[in-house]
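In order, the protein sequences belong to chains U and H.
For the first sequence, this note's numbering assigns the number 792 to the initial residue and increments by one for each residue that follows.
For the second sequence, this note's numbering assigns the number 792 to the initial residue and increments by one for each residue that follows.
If you are wondering where the hints come from, they were derived from the structure by calculation, not from laboratory data.
Accuracy of the hints is not assured; some may be wrong.
Repeated chains share a single entry, so a pair holds when one copy, or any two copies, can fit it.
Unchecked claim - With a straight-line Cα cutoff of 25 Å, these simulated SDA-like cross-link-like pairs (lysine to any residue) come out:
{"hint": "1", "residue 1": "1205", "residue 2": "844"}
{"hint": "2", "residue 1": "960", "residue 2": "821"}
{"hint": "3", "residue 1": "846", "residue 2": "1198"}
{"hint": "4", "residue 1": "1205", "residue 2": "1056"}
{"hint": "5", "residue 1": "1205", "residue 2": "870"}
{"hint": "6", "residue 1": "960", "residue 2": "911"}
{"hint": "7", "residue 1": "960", "residue 2": "919"}
{"hint": "8", "residue 1": "960", "residue 2": "928"}
{"hint": "9", "residue 1": "846", "residue 2": "1040"}
{"hint": "10", "residue 1": "960", "residue 2": "1125"}
{"hint": "11", "residue 1": "846", "residue 2": "875"}
{"hint": "12", "residue 1": "1205", "residue 2": "1069"}
Every value quoted in this text rests on a predicted model; they were computed, and no experiment measured them.
Number of protein chains: 2
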Amino acid sequence: MEAAIHDIVSSLRRLEPPQRAEALLNFPPWEALAIFEQLEAPLQEELLHWLPPEKVDQLLMDLDPDDRVRLLDTLTIPVAEALLASLSARERWLTQQLLSYPQESAGHIMTPEYLALSPALTAAEALARIRSQGHHAGPLQVLPVLDDAGRLLGLLTLSQLVLADPEQKISGLMVANVPRTTPETDQEEVARLIQAADLLALPVVDGSGRLLGLVTVDDALDVIHYEREEDFARAAATQPLRRPYFSISVFELTRSRLVWLTLLALAGTLTVQVLTVFEGLLEQVVTLSLFIPLLIGVGGNSGAQAATTVTRAIATDDVAGVAAVILRETRVGLLLGGALGLLTYLPILLIFNGLMAAVVSLTLVVICTLATLVGSGMPLLARRLDIDPAVVSAPVVTTVVDASGLVVYFLIAKAVMDI
Amino acid sequence: MEAAIHDIVSSLRRLEPPQRAEALLNFPPWEALAIFEQLEAPLQEELLHWLPPEKVDQLLMDLDPDDRVRLLDTLTIPVAEALLASLSARERWLTQQLLSYPQESAGHIMTPEYLALSPALTAAEALARIRSQGHHAGPLQVLPVLDDAGRLLGLLTLSQLVLADPEQKISGLMVANVPRTTPETDQEEVARLIQAADLLALPVVDGSGRLLGLVTVDDALDVIHYEREEDFARAAATQPLRRPYFSISVFELTRSRLVWLTLLALAGTLTVQVLTVFEGLLEQVVTLSLFIPLLIGVGGNSGAQAATTVTRAIATDDVAGVAAVILRETRVGLLLGGALGLLTYLPILLIFNGLMAAVVSLTLVVICTLATLVGSGMPLLARRLDIDPAVVSAPVVTTVVDASGLVVYFLIAKAVMDI
C-alpha cells in the first residue's frame, strides 16, 4: 500500500488546502493517517484548520509521539496546548516528555516508546514477549535490554533474536558496548553518529544510564534531509521553504529572500564607503576600477572555499587546534594567491602595463591569503562564541571580504604606483 | 561492541597510513573488518597499500558487495581488476553485477543479497526458513516476496512476520503495492523516495519486474550524507574532501580549490572587458565606480537565491511548467529589486545627487530581475540539457550575472545622465 500512499500524497500536495482536507476525509482512518504522516509539517498545520475538529483530535491521537511533536513545533503555543489537552493522559505524557527537551535535540526527536527486554530471558521467551506485547510498542527492529532500574545494558536487533538459539539468554546475545547519547545532544550530531557507525538505532539515556528513548535510522535520515534543506537555504542567504514551491505565493517567496538580501546590501554599502575614501586615486588612475569586480570575486570565492572546508571539518572531524587550522589555511591562501598572481601577471603586462600587472598580481596574493584567513577564522570564532559555525555561509564571508579586499587593493596601488 | 569500534575508528583516523595498517593487524579478523567498513573509502584505499596482500584479500572477501563496490570505485581500473580476481566466483559475480550499473545509480549501491520468501509459505514456515538460511543472507529487516520467476510480489518486514499468526500465509501478510525502482535510477532520487515514503528498503527491479536487489534505509542515509558533502563543496566551488581535514596536505587542499578558483577568475575577466568598454564613461563620472561592488553583490546574491530555490524545487517537487517558474521568479525579482531600489533612493539622493540615485535605484530593479531570471532559468536549462541542475551553484550564477549586471548599469547610466 505504501506506493499507493506515496502517490496519493504527491497528488494531494498539488491541491488547495480546502480541497486537500476534503480529499483526506474520503480515505478510511488508517489510510488518512498514513497520508497525513507523509505530508510536510506546514501542510499538516494547514489541514488542522480545514478538517472537522473530531477528525483533528483523532489524527493527533493516532500519530506517533515523535511525529506529533514535529507537528506541534510548527504551531503557536495556544493552538499546540489546546491540541495537547485533547489527547489521552498517556499520549499527552509521552508528548510532553519530548517537548520538554530543546528543539533539534536527541530528546526532542526520539521515539519514547520501545519494547524492552530483560537480560535473564531466553531468546524464545523474548520472542513470545514480542508477540504478545509488540503490536503497538514502537519500532521493533532494535530491542533495548534494560536492568530492573531501567538502565540500558545493551541492544539486540530483531534479526539477531530470530536467528539465535531459542535457549540462549538475552544477556549473552545482546551487544553490550553500544554507542548512546544524552537527550540534549544536537540532532545533527546524533544523525552523524548513526550514519558513521552504521547503527539501526541510537539509545538516548539520562545521567544515570536509564533509557529515555531511541533515535532510529529513519529519524536520522529525516534529520539529514532537513539539515540539507537548511544548508541550501543558508548557502544562498534565503530561508528553507519546507513546502512545495508552487504552494508558496510570489509575495511569500519575495519575503523569504528580502530580509537577507537587504542585510547583505546594507553590509555592502561598506564597499561604497571604502571606494569614496579612495575616489581621488580612482580619478587619477581610472584603470584601477576595471579590476574591482574580478578581485573581489576571487576574494569572495576563496573565502567561501575556506569557510566551507573548515565548517565541514568542524562538523565531521575533531578540529582541535585552532592555530593549526589557521596556519594551514594561510599557507593554502598564499599558494592560491601566488598561483593566480603568476597566471595574471603576463596578460595584464601585455594588455595594460607593468605597474598595473604588479598591482593586480600582488593584490591577488594578499586578497587570497586574507580571504582564506577570514573564511577559515570565522567558523572557528563562531564555534568559540557558541554559534553554529554553519551560519558563516558564503554570502556572509563574501561581504566581509569585499570591503577589506578593496582597501588592500588601493593601498597596494598607492605603494606600487607611488601616488 | 559498536561503541568500541566507532571509538577505535576515530583514533585510527588520526594515525599515519603505515601505523594505521599496523594497528589494524592487531585486531581479530571480524573486528578488523568492522573497523575497515567504517573508514572512509580513501583511507581504505591507502590501507590496501600498507596491509599484507593476504590480509587485503581476506578483508575484500568479507566485505558486503555494496561496501566492496564503494571501495573499488575509488581504485584505478587495473588495481580494481586485480582485487576482483582474488575473490571467490560467487562474490566476484555479485560484485560485477553492481559494477555493471552506472556509478551513483540504484543498481550500483543496492545490496544484491537478500532472503526471498514465497507467497505460499505460512508465517511459521517463513520464520523457520529465515532461521536456517538467514545467517549470511544480507539484511533481514525487510523480506521480499517473489513468485517462481523471481518477480517481486510484495515486501514484508521481519517485525510483521514475527507478530503474525503463525498459520497465516505470506501472500496475505505482505504489503503488495510497494514503491520500486529501476537499477538506472539516480541514487539521490532513490534516497529521497525512501525518506519521503518512510521506507525501510526500496526494491530494485528489472524491466520484467524481477528483483535485482534492495536499497536499505541505511544506504539512503549514506547517500544523503555523501550528496550533502558534495553540495557543500559545490556551493563553495571546491571539491569534497571525503577524508579527515588534517590527513590532507596543504598542497592537496590548494589543488582541490585552485581549479575552480582559476576557472571563475577566468570567467571574471569578462567584467574587466565590460569595464574597458565603458572606461570612457567611468573617466567622466568616477562616482559610478563607487557602486560597482554593491550592485554586483546584490545581483550575485539574488541570482544565487533564485538558483537554489529552483534547484531544490526541481529536486523535491514536480516542477512541470518551465514558463510558470520563470514568470513567478521574474515577479519575485521585480518585487525584490523594487524594494531595494526604493530603500536606496533617498540615501543616495542626500549623499550624492538625484541622477546617481535614479541610476542606482533603476539598476537595482533591473539587476534583481535579471539575476533572478538567470538564476532560475539556468537550473531549468541544465535539466533540459540533461545536466544535474545542482551544478548551477552560486559561484557560477554570480559570475554570469556580474558581467551582464555591469552592462545594465552603464547603459542605464548613459541613458539617465544623457552621456
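_Hint numbers contradicted by this structure_ = When the structure is compared with the hints, numbers 1, 3, 5, 9, 10 turn out to be violated.
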